[in-house]
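Asker: Keeping their order, the protein sequence lines are chains L and V. The first sequence begins at 1 in the UniProt record's numbering and counts up one residue at a time. The second sequence begins at 1 in the UniProt record's numbering and counts up one residue at a time.
Simulated from the structure, these hints should not be mistaken for lab results. Heads up, some of the hints might be wrong.
The list treats identical chains as interchangeable, and a pair is accepted whether it falls inside one copy or across any two copies.
Unchecked claim - Calculated lysine-lysine pairs in the DSSO-like style (CA-CA distance at most 30 Å, straight line): (1) Lys210 - Lys279; (2) Lys165 - Lys50; (3) Lys229 - Lys279; (4) Lys165 - Lys279; (5) Lys120 - Lys229.
Remember, predicted model here, so these are calculated numbers, not experimental data.
There are 2 protein chains.
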Amino acid sequence: MTKDPVVAVAGATGAVGREMLRILAERDFPAKEIIPLASSRSAGSKIEYKDSKLIVQELTEDSFKGVDLAIFSAGGGTSEKYAPIAAKSGCVVVDNSSFWRMDPDVPLVVPEVNPEDLEKHQGIIANPNCSTIQMVVVLKPLHDVSRIKRVVVSTYQAVSGSGQKAVHELETQVKQLFNMEEVTPSVYPYQIAFNCIPHLDAFLDNGYTKEEMKMVNETVKIMGDESVKVTATTVRVPVFFGHSESLNVQTESRISREDARAILTQAPGIRVMDNPEEKIYPMPLFAAGKDETFVGRIREDQSTENALDMWVVADNIRKGAALNAVQIAEFLLVKDLVRVP
Amino acid sequence: MTKDPVVAVAGATGAVGREMLRILAERDFPAKEIIPLASSRSAGSKIEYKDSKLIVQELTEDSFKGVDLAIFSAGGGTSEKYAPIAAKSGCVVVDNSSFWRMDPDVPLVVPEVNPEDLEKHQGIIANPNCSTIQMVVVLKPLHDVSRIKRVVVSTYQAVSGSGQKAVHELETQVKQLFNMEEVTPSVYPYQIAFNCIPHLDAFLDNGYTKEEMKMVNETVKIMGDESVKVTATTVRVPVFFGHSESLNVQTESRISREDARAILTQAPGIRVMDNPEEKIYPMPLFAAGKDETFVGRIREDQSTENALDMWVVADNIRKGAALNAVQIAEFLLVKDLVRVP
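Next comes chain L alone, as it looks inside the complex (with noise of 0.2 Å):
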């Protein structure tokens, strides 16, 4: 491919949006034109990119004309609506939204994880759940070594991740609890003001809740492999950016601390920050604007064969949302999976 691709980005006033933008400038992506899109109350309006400055036009049925590479981050029903018409006119689209996620014909891609399936994509590939992106990361090094049977995982994930609207009420309502008024809670069902919430997305029969079942599903079709076993129970807690994991995976042999350590440092992504003894361990407050999974905590657990526990964190917004999708967009180009005419 020697052209540069005329690059959409759908959603590029939200939270993930603007970090998309950031993230192409950044990284130098290369681009013939970025087009920033985004719903008709936004457009009009400008945003930055490198610098110069970026109209953003409204999204429509007829923003794809010309676009070789859209990224999407504009909900589940924008992307149900304009990812097809998008690909229908030969771009390929990047999408973060979960519409498309389970798709039997959309690959689901973390590019350390399993690259190869953008190759037999049709027009669309998905990008993961953030919670479940930071936490394959970790597990397919260790699965390569010795089979991953199941996975007991915890959250603690940040308000950014629901979006700019919620990392205001957080802090909307510090404020006004120091002040003694009201708390008024509006993006989420309760205060997340100094407590945590077991509530992410909707609930299911099963007494699941969809962003947990998502790090359940999305695990086996990312691993390509039916036999790893995921629970999860997802939590907000009242932090601004930064999704923790507490893991706990059971292996089909024994991996020492030792070894679990040496993997995952020498995997890609990763970065190990595991010296307890000098405080040494992953932490939202560290891995915020940060591009690494962190991993540390790393032992082996006392209360079965084969198991480690592990604590992984990593920035939402950039490896759980916008980075990975780029990432994506990168592969695409370098295997030379977009078409440039």
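Please build the complex by placing chain V on the supplied structure of chain L, with the hints as guidance.
Answerer: Relative to the frame of chain L, chain V by itself:
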């Protein structure tokens, strides 16, 4: 027993000590006299009890003469030194520190779980760790129906568990951040505001923290069953009051979601809050100031046979510390295990 005991509260000016006095008053604990004890620094200060003010006395080797029952919450070193002195003088000690908990001659008691162990006391009874108490209150009734084989627990622990200084530290840090000032951690190794710190108490050679191993070892002692295996990851979160726990519990035979709800609904000290469709589940926001251990998000684990996922929340200062100690004291009186001359 006809006569009311003379009761001392050692560490009366700390967060847990103050709560102990509040709870003794609330429950109209039958005491001939209440003597608040503290270090020389606090001696002479006044502390409210019912409608009167008590004068804090200095804790010395002579403090326990004429005292029938003493509740300690003054740190491990104080308990190590003074609990045997008190016991030798005929006083029964209920100790909230970790110092005596694993001593084979010291019962470790949660009244809902193993009140019968009180009968073996030799002058000192230990109050378990906060995160252990709320877990075993929920585990025991399930264990009685189907033996618990393994528990994977991840905690979300409030700063009040580290004392009043930590409550002040979280408050101060939030204000510093909102005023764009530098954050200066003191109680915790890192900023706790809007962060999660996977580090409570010291690290051990096996990679676990002491806090985590307390949950492993104390659970076995309280449940009186060495076959109950626990692995724990303990995490401090920016919440003032109320510890939360994500529990995965593997049992010998299947317990359905409905059966688990029914068993826990009938169990002492528990309030089942488990109607997710109506947004009813436990949270620190609701548990603070309450006596019960709250459990919800009960569901059958889809990753393996015979396992349940649950979400357990309790007020760490009340059930996790002061209330459990006062409940032990009440049981001692009811069972006539305190000698009142």
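Asker: Against this structure, judge whether each hint is valid.
Answerer: Quick rundown of the hints versus the structure:
no. : hint            : verdict
1   : Lys210 - Lys279 : between (35 Å within a copy, 14 Å between copies)
2   : Lys165 - Lys50  : within (25 Å within a copy, 46 Å between copies)
3   : Lys229 - Lys279 : between (32 Å within a copy, 27 Å between copies)
4   : Lys165 - Lys279 : between (34 Å within a copy, 21 Å between copies)
5   : Lys120 - Lys229 : within (25 Å within a copy, 45 Å between copies)
Violation of the numbered hints given earlier is absent; every hint is satisfied by the structure.
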